[in-house]
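Number of protein chains: 2
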Amino acid sequence: MSRIWNFSAGPAALPEEVLRQAQEELLDWHGAGCSVMEMSHRGKEFGTILGQAEADLRELMGIPEQYKVLFLQGGATQQFAQIPMNLLAGRSADYIVTGSWSKKAFKEAQRIGNVRCAATTESSGFARLPVAEEIKLDPFAAYLHVCTNETIHGVEIPAERIADTGVPLVADMSSHILSRPVNVEKFGLIYAGAQKNIGPSGVTLVVVHRDLLGMAPLNIPTVMDYAVMAENGQRRKSTNFVFRHR
Amino acid sequence: MSRIWNFSAGPAALPEEVLRQAQEELLDWHGAGCSVMEMSHRGKEFGTILGQAEADLRELMGIPEQYKVLFLQGGATQQFAQIPMNLLAGRSADYIVTGSWSKKAFKEAQRIGNVRCAATTESSGFARLPVAEEIKLDPFAAYLHVCTNETIHGVEIPAERIADTGVPLVADMSSHILSRPVNVEKFGLIYAGAQKNIGPSGVTLVVVHRDLLGMAPLNIPTVMDYAVMAENGQRRKSTNFVFRHR
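Chains A and B, in that order, are what the protein sequence lines are. Be aware that the first sequence starts at 294, since it is given in this note's numbering, and climbs by one per residue. Be aware that the second sequence starts at 294, since it is given in this note's numbering, and climbs by one per residue.
Keep in mind the hints are simulated off the structure, nothing from the lab.
Listed next, the in silico DSS-like pairs over lysine-lysine satisfying Cα-Cα at most 27 Å (straight line): (1) 337/B <-> 397/A; (2) 397/B <-> 337/A; (3) 479/B <-> 429/B; (4) 479/B <-> 397/B.
To give an idea of the interface, some chain B residues facing chain A are shown, with a C-beta separation under 10 Å as derived from the structure: (5) 299; (6) 303; (7) 305; (8) 319; (9) 327; (10) 371; (11) 405.
Remember, predicted model here, so these are calculated numbers, not experimental data. Built from N, CA and C at the ideal position, the CB exists for glycine as well.
Can you make the complete structure from the sequences, with help from the hints?
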């Protein structure tokens, strides 16, 4: 067996020691008598795995207690819709467009509600960040959305250039999350597809400040309501194993 | 290592030979030099896996060409919302409520649009199927929803009792799919969480007739539009590998 070098910007290479541990545990996770793929998502074994993943991430990223950590499905692309569905609350939101991904996020949000383009560098071929005079912020915006690293166009927003604008900052960090320290408290919501910098594809990470929960309208799908997802997490941790049928 | 017997109605046991094959291929899938968890979802290797899974399922279930096979995320619970989002098209739909799961599906659909309860056996504690006189169908319904096997209350709709009502039949088959032959052509849409009868959790199967695609309003999340998901599948099969960044 020869392992290839993977320089793809898509799903990334996983450390060989992680793959070997997963391989060893694939038929019997820590003596549970079954694979992680066969155990109940409500059981204490999976609760341990989930709890440890959250604790490790909180430690690595320095995530304060007032932020919820959600492990969701649907990729960053689902978040492009889920964020305005949860946070707009009938208001408008601002988007800074610095490349393909923030442009996609903006276009998807336009399907959902009232959003504004606060700045775009598309006319320059997304070759640079906007300068301060090009950014027209709405002080009453529900949130300001940025993509802190544009994979395709290569434009990164340096952490030190992020100032408080008075509205919650929402950031797609898919392609550089966990590559350096981030001051989570600068953000209202951080999201990232797991497949680039965190782990295998299929999971999407959302780190969201508690104050932003509970604003979703009642007619969005239950699984897309951050408050419901955050509550599920709490319930799992605070109760013993209860048999549930699905 | 001793493997346990898993009689849970939740995530089910996987065949040991399947787990052993996954274990063997975990660091190097068929000489690709990487794990399935590290390869591009747009690459030819993953295309082969996906194509084979669809071909096998079409053969096992006898799925005709005019049906699309979609492998989605979000579980059957997301489908409870996604179905009315895609199929209502401003009309009303009928639900037959025979247990916990069809009741959940009905409640979730009420968040999305105009739906009717065509029959319920809740007053009998969901101990039986409704008799014909109890079912009040709307002949103009966008679809009729049933759960063909209610895991918790144990009520199953036998295949021979399913008659053509003149409207597309939508069925949650999560807990008995692939346990017996099903005449797919009786249904407009069949869905099932994979974790009970198909494979590990994380994937949701949707088998949908082509005629039901393309009715979703433009303001639902792109990832929830069946037509977009079906088109992605086609595109993947009809083109060679194209490098995409995410």
